[in-house]
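Respectively, the protein sequence lines represent chains A and B.
The first sequence runs contiguously to residue 316 in my numbering.
The second sequence runs contiguously to residue 1316 in my numbering.
By construction, these hints were calculated from the structure, which means they are not laboratory data.
The beta-carbon is built from N, C-alpha and C at its ideal position, and this holds for glycine as well.
Among these hints, one or two may not hold up.
[Said to hold, decoys possible] So the derived label-pair ranges between C-beta atoms look like this:
1) B:Ser1232 x A:Gly78: 47 to 53 Å
2) B:Ala1290 x A:Ala90: 39 to 45 Å
3) A:Ala90 x B:Ala1265: 52 to 58 Å
4) B:Gly1248 x A:Ser92: 37 to 43 Å
5) B:His1140 x A:Glu262: 14 to 20 Å
6) A:Arg316 x B:Glu1130: 22 to 28 Å
7) A:Gly78 x B:Ala1076: 45 to 51 Å
8) B:Pro1115 x A:Glu95: 38 to 44 Å
9) B:His1140 x A:Pro138: 41 to 47 Å
10) B:Gly1257 x A:Ala269: 24 to 30 Å
11) A:Arg113 x B:Val1016: 47 to 53 Å
12) A:Ala290 x B:Glu1262: 25 to 31 Å
13) A:Gly122 x B:Leu1210: 21 to 27 Å
14) B:Glu1262 x A:Gly141: 55 to 61 Å
[To be verified] Rough simulated footprint, nothing fancy, chain A against chain B, three-plus residues with beta-carbon under 8 Å:
15) 1077 to 1090
16) 1149 to 1157
Each chain, letter by letter, is given below.
There are 2 protein chains.
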Amino acid sequence: MTAAPDLEPLRGRPGVIRLHGHRGARGLMPENTLPGFAFALACGVEILECDVLFSREGTPVVTHNPRLSPDMTRDAEGGWVAAPGPLVRALSLEELRRFDAGGLRSGSAYAARWPDQAFLSGVPVPCLDELAALLARPGHGRVWLNLEIKSSPLHPEHGPPPPEQVAAVLAVLDDYGLAGRTLVQSFDWRVLAELRRQRPSIPRSFLSELSGEGATPEANIHDGSPWMAGLSLAAHGGSLPALVAAAGGQAWSPHFGDLTAEDLARARALGLIVNVWTVNRPQDIDRMIALGVDGIITDFPGRVQHRLKAQGMSWR
Amino acid sequence: MTAAPDLEPLRGRPGVIRLHGHRGARGLMPENTLPGFAFALACGVEILECDVLFSREGTPVVTHNPRLSPDMTRDAEGGWVAAPGPLVRALSLEELRRFDAGGLRSGSAYAARWPDQAFLSGVPVPCLDELAALLARPGHGRVWLNLEIKSSPLHPEHGPPPPEQVAAVLAVLDDYGLAGRTLVQSFDWRVLAELRRQRPSIPRSFLSELSGEGATPEANIHDGSPWMAGLSLAAHGGSLPALVAAAGGQAWSPHFGDLTAEDLARARALGLIVNVWTVNRPQDIDRMIALGVDGIITDFPGRVQHRLKAQGMSWR
């Protein structure tokens, strides 16, 4: 039986809101890459958010899209991969490692969203092992991982079954001694239920999206949704925080546009940590600071640091 | 007699404009700090621009303002230094190293200019030695230094006499084997004349400002200006490029707002490398790319990389 870790480093308090570097620091460095994570650490970020998918062998790898994106992936010859891009799950680790995830394709809508992101070359999709090794280095002992498992109930072909996903991630966390400083989040609440079965001591964060404008192909929160692992909002008076707490979650991670002051107060009363994603515009950052969330997940760590400092606040 | 280095890495060519990271990457990381320079290198920047002043002992240190700025300097207790800030030249190295140059003072106009800059703590003003050591590391052998000596003919109290400034900088460059990949620039052309005397093989870049809206307390270019080391624009038909070439410059570094297509063509015909400072707005970057300068000095390396990529160009 493993003792549950102290979650204080994830909780806000008066004067402190925690800063999560989204995919490292996507606004400035290529997302989900080792140079990006290293940069976030160099900025003083103490919680690294990352995405995990699985190679053909079932090895956890750090990348967001089920198919390598033609807008941010070059092949071994330097050419941009053709749409729709190869399925990560169909690639061996060796095949995956030949691709270059260091730059955005000029002219793509995605590149236009990140006009200040550095353009690197020769940067592979990392294995979760490599990111874990970075965090196991001296000097990074206080850094947490906010690890999103990108499982989808709609697309079982995107990864192994949830029990295998969880077991593979746990094996890496154990190898690097990170089980005491990792928060696992997922839109696919089946994965969180499975994690609770396999290793109840690791805190779980329930990702939610009501509007459907963001990360999930459809909003994941409505009764009957395959993302909710059979849980029912109606059974909890329509309260998402109540549902997350009842499901054994330590944290709730709503889209920032979905969060109301009432729900935040409810979540707090239930002991939940509330982390909002993905907050980049100064006015949105200020609004989340005013609401008093626990954590802000952002592509621009320095920007959130400045907004906090402007209020006399900090992120640690 | 030292052979003059090959200046090709500083020259643009069709499809290539060189990228100079201004004070590292001031837009995103604290200026003139080791984490800032390391970040610029991680972005693939191959020319690091930096500023050099001198401690009481005459040791070259990497910082911009003759007095440590109250907007970006904390004391050993974490308090912001009071205006006008201590004179760098009056501080011993030991005293200087107690200050923290890692963050901007919230609420200051300077902080408002750099809303995305990371806020770090425990980051001293580096000695030139430390920056040189970074560039001497394996993997950085192709990186150039664009080293600005912040001498002022109006304020001899800001540093040692030019011959001592030059000798102290050369000693560090020699210690780290960087004399073959350093460009020295200055608004104070007396320093460049002195460098030519002491070590003619090191390329010299003549900084100029016509409008006076930027770095110098007054525009440094007008006949009779104490910044021009007795040189006369009138004697060269009013042509700044002709004057720089006659003074033995390898490079000219005008404010980007001062540069005309005519002057650029003239400079090129004279064999000069033309680097413009400090270009941050996308429209200004695009205009400099269209003009076809050799180098763009910017606070946002990723932004210049994107603008170059959008034209099918690169920085190397």
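Against the structure, the hints come out as follows:
no.	hint	in the structure
1	B:Ser1232 x A:Gly78: 47 to 53 Å	holds (51 Å)
2	B:Ala1290 x A:Ala90: 39 to 45 Å	holds (44 Å)
3	A:Ala90 x B:Ala1265: 52 to 58 Å	holds (55 Å)
4	B:Gly1248 x A:Ser92: 37 to 43 Å	violated (59 Å)
5	B:His1140 x A:Glu262: 14 to 20 Å	violated (54 Å)
6	A:Arg316 x B:Glu1130: 22 to 28 Å	holds (26 Å)
7	A:Gly78 x B:Ala1076: 45 to 51 Å	holds (50 Å)
8	B:Pro1115 x A:Glu95: 38 to 44 Å	holds (41 Å)
9	B:His1140 x A:Pro138: 41 to 47 Å	violated (23 Å)
10	B:Gly1257 x A:Ala269: 24 to 30 Å	violated (57 Å)
11	A:Arg113 x B:Val1016: 47 to 53 Å	violated (26 Å)
12	A:Ala290 x B:Glu1262: 25 to 31 Å	violated (54 Å)
13	A:Gly122 x B:Leu1210: 21 to 27 Å	violated (42 Å)
14	B:Glu1262 x A:Gly141: 55 to 61 Å	holds (59 Å)
15	1077 to 1090	violated (count 0)
16	1149 to 1157	violated (count 0)
The earlier numbered hints that this structure contradicts are 4, 5, 9, 10, 11, 12, 13, 15 and 16.
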